[in-house]
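Asks: Sequence:
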Amino acid sequence: MDSGQAPEDGNTTSPIWVGDRTADDRPPSRPATPAAEYAPVERTSLRALLDDPRYSHLRRRVLVAVASGIVGGILFSDVRLGITCAIIGAIVDTVLRARTHSTVPAWRRAAVAERQTEAQLKRMERGGYRSLHARAIPESEAQIDHLVVGPTGVYAVDSEKWDKRLPVRVQSHRKLFHGPFNQKPRLDEARWEASRASELIGEALGREVTIIPSLAIYGPAIPWKVLTVRDVDVFDGSRVRKWITKRERSLTDAEIDEIYEAAERVLPTRYPES
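Per the UniProt record's numbering: the sequence shown = residues 1 to 274.
Note that these hints are calculated values from the structure, not bench results.
One thing to keep in mind: the hints can contain errors.
[Stated by the list, open to error] Listed next, the in silico DSBU-like pairs over lysine-lysine satisfying Cα-Cα at most 30 Å (straight line):
#1 LYS164 with LYS175
#2 LYS184 with LYS246
#3 LYS242 with LYS175
#4 LYS164 with LYS122
#5 LYS246 with LYS225
#6 LYS175 with LYS246
#7 LYS122 with LYS246
#8 LYS242 with LYS164
#9 LYS225 with LYS242
#10 LYS122 with LYS242
#11 LYS164 with LYS225
#12 LYS225 with LYS175
#13 LYS122 with LYS225
#14 LYS184 with LYS225
#15 LYS242 with LYS184
#16 LYS164 with LYS246
#17 LYS184 with LYS164
Just so you know, these numbers come straight off a predicted model, no measurement behind them.
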């Protein structure tokens, strides 16, 4: 899962470029044209603005306001209270969008997280750990960001870049939330990826291979060291090395090489080199 690392909150500010030229390289301006020769300026309608993808948030906000106004008007049988509900609905939508919206695309945030984890794993190579990155699960859209094989076992690490403004919390070791968003699908996916990879590698070797699934989260503060939620270890991304190396040794060098080579065969790379 991102390039040069963006600031922690995912926001960047860049100069404006025109094609591949800076302002100093722009072609010379054309001679002034009499005003009469200009075509009349086409006025942009409100409908055209709302249809523009850049203003989809405004379209949603209008719908929220209208729906809130209608519901409020019906419940209170008062037009003025309906208008008040519409205003409140628009304000609530604005606040929620400001809290959850990121200016950095999701794929870019994920790539940043993967590179941070990969940098930690590279430093573990001297300790006998071997890693595969961005490995696909055959016949599915799933991907294991990092498969690690070393003296302490085999691990599937999925790197996540989440909005640091939203808190991370757990309920009864069964539910993981990022702000108001339940991360059950993400946990189930990570667990399934590790389980399927375990089956494929085990079939190739003719014996059982256990793979421990995990989510390494970058961005928000994680109020615990390592916590197992729905059979997936969840922790701050900076703890990847400690999470792996602080366990008891369970594999020999020969076993490490054997499992690594089998994984390389059965888990194709997601982004093959051209």
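Asks: Could you run down the list of hints and mark each one as holding or not?
Replies: Hints and how they fare:
Proposed proximity of LYS164 and LYS175 is supported: the alpha carbons are some 19 Å apart, at most 30 Å. About 27 Å separates the Cα atoms of LYS184 and LYS246, which keeps this hinted pair within 30 Å; it holds. As the CA atoms of LYS242 and LYS175 are separated by approximately 24 Å, the hinted pair is consistent with the 30 Å bound. Among the hinted pairs, LYS164 with LYS122 is consistent with the structure: their alpha-carbon atoms are about 26 Å apart, no more than 30 Å.
Among the hinted pairs, LYS246 with LYS225 is consistent with the structure: their alpha-carbon atoms are about 13 Å apart, no more than 30 Å. Distance restraint check for LYS175 and LYS246: the Cα-Cα separation of roughly 26 Å lies within the 30 Å cut-off, and the hinted pair is therefore satisfied. Restraint check: the Cα-Cα separation between LYS122 and LYS246 comes to about 17 Å, which is no more than 30 Å; the hinted pair holds. Between LYS242 and LYS164, the direct Cα distance comes to roughly 22 Å. Compliance with the 30 Å bound is thereby established for this hinted pair.
As the CA atoms of LYS225 and LYS242 are separated by approximately 10 Å, the hinted pair is consistent with the 30 Å bound. For a cut-off of 30 Å, the pair hint linking LYS122 to LYS242 stands: about 14 Å separates their Cα positions. Between LYS164 and LYS225, the direct Cα distance comes to roughly 17 Å. Compliance with the 30 Å bound is thereby established for this hinted pair. Proposed proximity of LYS225 and LYS175 is supported: the alpha carbons are some 17 Å apart, at most 30 Å.
This hinted pair checks out: LYS122 and LYS225 have alpha carbons roughly 22 Å apart, not beyond 30 Å. About 20 Å separates the Cα atoms of LYS184 and LYS225, which keeps this hinted pair within 30 Å; it holds. In summary, the hint linking LYS242 to LYS184 is supported, as the alpha carbons are separated by about 25 Å, within the 30 Å threshold. Simply put, LYS164 and LYS246 have alpha-carbon atoms about 27 Å apart, close enough for the 30 Å limit, and the pair holds.
A C-alpha spacing of about 19 Å is found between LYS184 and LYS164, which places the hinted pair at or below 30 Å, so the restraint holds.
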